[in-house]
Amino acid sequence: MKTADFDFELPRALVAQHPAAPRDAARLLVVDTDRLTDRLVRDLPTLLAPGDILVCNDTRVIPTRLFGTRGEARIEVTLHRREAAPAGTVRWRAFARPARRLKPGDRVDFAPDFHATVAAKGEGGDVTLAFDADDAGLADALARYGAMPLPPYIGRERGGDVRDRGDYQTIFAARDGAVAAPTAGLHFTPGLLRALDDRGIRRTTVTLHVGAGTFLPVTAEDPRHHHMHAEVGEIGTDAAEAINAARAAGGRVIAVGSTALRLLETAADADGRVRAFTGETDIFILPGYRFRAVDRLLTNFHLPRSTLFMLVCAFAGTERMQQAYAHAKAQSYRFYSYGDACLLTRAEQ
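If you use our numbering, the sequence shown closes out at 350, no skipped numbers anywhere.
Calculated cross-link-like contacts (lysine to aspartate or glutamate; reagent style EDC-like; alpha-carbon spacing at most 20 Å):
#, residue 1, residue 2
1, K330, D6
2, K330, E320
3, K104, E73
4, K122, E77
5, K122, D133
6, K3, E320
7, K330, D33
8, K122, D110
9, K104, D133
10, K104, E124
11, K122, D107
12, K3, E222
13, K3, D223
14, K330, D8
15, K330, D39
16, K104, E77
17, K122, E84
18, K104, D127
I should point out that these hints are in silico values taken from the structure, not numbers from a laboratory.
All chains, please: the whole structure from these sequences, using the hints.
Quick look at the structure:
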């Protein structure tokens, strides 16, 4: 297996810069084992069956992209992981640009009443920032001065677009902690949820706080040598029981997004029964993985050579996904976080 096996060309014009309006008007490519069908996300209720259960990620994206200065030098940072810290302070790992301008002990000013100190410097652009605040104080400062941490392929002026505060948040968002959106959830609207309910399709939520590592490319020639960043997740007892009950009654488990899928597979036993779970997961799913908990996957179109494209190839088959992506490009589907979606059927294992 080589990383190059998961490469493909994508015209820049197909990279979505804003979501569809309304959200459920996004296109949906249904990828079955024997055919490809062009639909819309709002058709989802007719594509599922009563008794199926949707598992959605209820993480909420926090505005962790900050613009500041160290002296005269302009610094941009994106917080991506909270670290343990002494009482009265909060520490976050962050990607900094340009990191070469920073060293431990430096102060970065983001506003007259908001600054951080560089506590440590890692490899690449990674630094650890210490804030003289508690969690509530930092949350308030981020709400006032932070921008949504959009992926780099969404072009924005410094500070971002005010619309992204709502656009880059799912209807399920309830628990602060993500620094990237679980983008499959961006397609849902109140009307679509009502239609799903009327159809008898069940729904539950789990939490996986998506980290910025989701955007990191796979640079190793062999993807099995790639290191996945751990992310914090939780499956409550009620959610686990709802998923297991739906499956026991003959319903299918549909993961809304790769984040929900990764968490379910982390918590599932050999028989596919999902346990309540709290902790970290760094599960990396490659072709050859045997899925235990998920029957279908709703997901967006992903980057070439990414862990997410490797995951969908593992789920539906590499050849099948190459065909699906070729079809999507030919039909001008919109790609990546604000783009269109596909509904995948799990390949036979």
